[in-house]
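Residue numbers (full-length UniProt numbering), protein chains in the order written: chain Z, 1 to 651; chain D, 1 to 325.
Think of the hints as simulated: they come from the structure by calculation, not from any bench.
Some clues are possibly wrong.
Stated by the list, open to error - Computed footprint of chain Z on chain D; a stretch qualifies when at least three of its residues, placed anywhere within it, have a C-beta under 8 Å from a C-beta of chain Z:
1. 113 to 126
2. 276 to 283
As the list claims (entries may be wrong) - No farther apart than 27 Å at their CA atoms in a straight line, the calculated lysine-lysine pairs in the DSS-like style are these:
3. Z:Lys-638 / D:Lys-270
4. D:Lys-154 / D:Lys-117
5. Z:Lys-531 / D:Lys-270
6. D:Lys-231 / Z:Lys-340
7. D:Lys-64 / Z:Lys-638
8. Z:Lys-340 / D:Lys-234
9. Z:Lys-638 / D:Lys-261
10. Z:Lys-531 / D:Lys-112
11. Z:Lys-638 / D:Lys-112
12. D:Lys-69 / Z:Lys-340
13. D:Lys-179 / Z:Lys-531
14. Z:Lys-638 / D:Lys-69
Quick reminder that beta carbons are idealized off the backbone N, C-alpha and C, glycines included.
The lines below spell out each chain.
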Amino acid sequence: MELLSYLVEALTPLNLMLALIGVIAGTVIGAMPGLSATMAVAVLVPFTYVMGPASGLIVLGAIYTGAIYGGAFAAILVNTPGTPSAIATTFDGYPMAKQGKGALAISLATLASVGGGVVGGIALLLLAPPLAEVALAFGPAEYFWMAVFGLTLISALSIGNTVKGLIGACIGLILSTVGVAVVGGDVRFTFDQVSLLGGIDITSAIIGLYCMPVIIDLVASKTPHLNFAKVEGESSLKTAFTLAAKRKFNLLRSSIIGTVVGILPGAGGSIAGLVAYTEARRSSKESDKFGKGAPDGIIATESANNATVGGGFIPTLVLGIPGTPPDAIILGALLVQGIKTGPTLFTEQGSIVYTFIYGLLIATLLMLPVGLVLGKYAYKSIAKTPKQLLVPTVAFLTVIGSYAIHSNPHDTFVMFALGVLAWVLSKFGFSASPIVLGLVLGKIAEQGFVQTYLIGSAQDRVMEMFFGRPISIGIIICAVFALIYPLWMARRKKSQEQTVALDNKPATLMVTLLIMAGSGVLLSQMDGMSKLGAVFPSYILYAVLVLSGLLLIRLLRTKHSTPFLQLGVLPTARQSAVVVTIGLWTLFMSTLGFALSSLLAFTSIMLIANFDKPKLVPMLRNVSVSVVIVAAFYLLMKEVLLLRMPAGILF
Amino acid sequence: MNKNKIARFTKPLLTAMTVGALSMSMSSMAAEDFPSKPINYILTFNAGGESDLSARFQQTVFEKHAGVKTVIQYMPGAGGAVAWSQLNGMEGDGYTIMGINIPHTIMQPIVKDSGYKTEELTPIYYFHYTPNAIFVPANSKFEQLSDLVDYAKKNPGMVTFAGSGSNSANHIGQTLFDKMTGVTTTYVPFSGIGPAMTALMGNQLTAGFNYATSGANAGDKLRMLAVSAEKRLKAFPDVPTFKELGIDLVGGAYRGLAVPKSTPEEVRQKLSKIIGDINSDPEFVKKMEDNGFVLTDIPYEQMDAFMEANQKEYEGVAELLGLSK
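Produce the complete structure using the sequences and hints provided.
Structural data, given as structure tokens:
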């Protein structure tokens, strides 16, 4: 039992303490949208040079797994995934929180994350070399079909509204093609803006698309953000255990999906979560409850995304191919230590590798106490914070989060613009999730598609490349199921609940025509693009035209029309004010300086979100709290994460 | 092209004037005790590639030679153009340095408007070089390069090469290889070296046009057929150069460090010296060579001549490939 002897090494007080600190730090960082595991791991790598390889790796791994888990907090409490891995957590987590079951949702996410993390870790411990072959079995065609499979979730997410969901997905896919193309090297849809060359950052886009609408809607009325449940609290862990135990099969299946997707380099936690969610929804008997606060949705996503941590280390350690950016940094740390990755690593450097894997498993288990304590605290603080402090704090997090990803004010502006767009579109029945799905899966779909086509046409077997490979066929079958099943179920239940989309005929007509015009403009931009770069976006744009045409016909034929004002498209004074404030904030952040502009915007939004009669004492208290919050984050980012902050004229 | 020429002509003049003005003012004060706090080292690519690994190697010995630590950050996007186009807007006090690559910083402005011009960047040291190399999966029927070339000649277009990105060093290498050997192959761009190597190890393509360093971690899953260096690499003594095989293909990617334009002359020289010292640190040299990197010593003083030579070479390549805008 040589394996067990390494467990003892992982259990030294130093390693245990490092795992605990790593998990706490990771969870906190992951809970803040925009601050990522990659960032924290990158900063901490030098410490591993002095710490000794195994201990160093344990800290990095603990931070990584903690961050993936922490992403669920923001997803559940403010509808914004703290990391892209938690996208699908918002689907059911936020509805649960809205129903007053936020504490339960967090407990579920914690249990699922620990479960998923353990499954991924055990796979890494026992099966790494054979499982690494999975990474090699997936070629471009399989990546393409996997992205398509992820996209089929749209059909489930937008029942009764499929055409709009598909248009939203196409918008997301087009957004994913902005910038310099990997295949073909064309510059696409940048409208000569140098700042768009790098494309639209997924994380900042997600923050904007999900979180801006929450902020804008929060200031619309006085009602509190979340209902604070009365009975729950003590019993939520017990309830969560019971709920999770009933869904152990879902948990296991999602963890396995997460492990396998984690093994695929470049796929990562967001896709694992989406695939597991789609699969859980399809196989569930209560699939109509998904998206409305189904515990199964949270369990599927959170167990899958934490399973990718262990899964991702498999190709990293066995093949030297990092599965995700944090894996890449950890791989670098290994190479710097003079440790060669590869199939022999597990035999020749066993003490380091196995001590690390045990450390990772211990860190995963530590998420349970850490998560339950932090989770309870986070939920209470979000639920009890008065609105006039909550709104500016959330707004502040979106701004620093989107800035921090690349220390680039441009990303913050993209976040803001897409967020406002998402808010407007949501009023016309286009929800944000299909856009996010398109954006996240677009690059993988396009590269897989073009690469498959190139390889296929070079050897004159395009059809065989796309449709003739066994794994591809399997994924295609799953995709067809996932696509048709929800529609079929909906049709069967149609008599029971007829969903009537809220549509103001003239306004929705106008939006549809605007979308068509937009696609026309983009199509006209495609002259002179290489064939490689043009094929994917042109298909998508034609699809948008066809879908909008369908929507037009349907609109013209329906007699039902909601009065325009009832849609709530026109913002209230407070809503416009908050949009303008955040807009000015993103625009003047670099010139005014980060701290100054943040203080100004923070206090303004505090005033906008204040529904009480202004009184001096609470006002002063809130102002001092805001100074503390801004200062704390400023120091965290500048001194701890060592990010470059825009200095501007003052500070 | 005309604008470039004028800019190239006026650049030394402008630099001299700015530097003169600056060094007379406060900067010489600050430059004297440079460096006195950690230096931000910005990488223009994601973690996990050659830039990252070599920077991490430097980081381990950085403090020994500079007296201060360095902090590595990532600012990826558009093949590096996102970061390079912002470099001159950053603080020029020497505490911000950025990875810089050739041919990227020469080819990008030639091919399209990338938000910066080659001559606007200020490289202070080019410290290593990774030659291109052709890989095949270990179970491939192509034992040596001539097998692959013969097969490609008989089957035009059939040979597929996995590489990192379009118009990249890998892509240029593949195109020149085609021209020089008279074959037609298909280049399949991937989003980075990692995905390209994975696809190759999985037998998804015939071969890979990558960097010699790319296969250092692949163990026995890949076979390197030839390397486009002047002489054989210490890490791979059994792999022949293209030249030995009668193909005059030498090329790959140089990596170095650049500073914002406003960085004072004295600080540039100090940084150049620090990087030079690291480049002769035996611990660093061993790590780099074990992983297949070729160290180069092109300090700040020799930069103008080095850049001019490369600019000329890659303008020729761009013309040959029909890439000039």
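Going down the list of hints, with the structure as the test:
Coverage of the region 113 to 126 of chain D by chain Z holds in this model, with 3 residues showing a Cβ closer than 8 Å to a Cβ of that chain against a need of three. Closer than 8 Å: that is the beta-carbon criterion, and the region 276 to 283 of chain D has 0 residues meeting it against chain Z, so the requirement of 3 is violated. Between Lys-638 (chain Z) and Lys-270 (chain D) the alpha-carbon distance is near 26 Å, which keeps this suggested pair within the 27 Å criterion. About 42 Å separates the Cα atoms of Lys-154 (chain D) and Lys-117 (chain D), which puts this hinted pair outside 27 Å; it is violated.
Proximity of Lys-531 (chain Z) to Lys-270 (chain D) is assessed by CA-CA distance (about 48 Å); at most 27 Å being required, the pair is judged violated. With a C-alpha separation of about 25 Å, the suggested pairing of Lys-231 (chain D) with Lys-340 (chain Z) holds against the 27 Å cut-off. Taking the CA atoms of Lys-64 (chain D) and Lys-638 (chain Z), the gap is near 25 Å; set against the 27 Å cutoff, the hint holds. Of the pairs offered as hints, the one joining Lys-340 (chain Z) and Lys-234 (chain D) holds, with about 17 Å between alpha carbons and a cut-off of 27 Å not exceeded.
With a C-alpha separation of about 24 Å, the suggested pairing of Lys-638 (chain Z) with Lys-261 (chain D) holds against the 27 Å cut-off. Pair hint Lys-531 (chain Z) plus Lys-112 (chain D) holds up; C-alpha atoms about 17 Å apart against a cutoff of 27 Å. For the suggested pair Lys-638 (chain Z) and Lys-112 (chain D), the alpha carbons sit about 35 Å apart, so the restraint of at most 27 Å is broken. Distance restraint check for Lys-69 (chain D) and Lys-340 (chain Z): the Cα-Cα separation of roughly 25 Å lies within the 27 Å cut-off, and the hinted pair is therefore satisfied.
For a cut-off of 27 Å, the pair hint linking Lys-179 (chain D) to Lys-531 (chain Z) stands: about 22 Å separates their Cα positions. Proposed proximity of Lys-638 (chain Z) and Lys-69 (chain D) is supported: the alpha carbons are some 16 Å apart, at most 27 Å.
The structure does not agree with the numbered hints 2, 4, 5, 11 stated previously, though it agrees with the rest.
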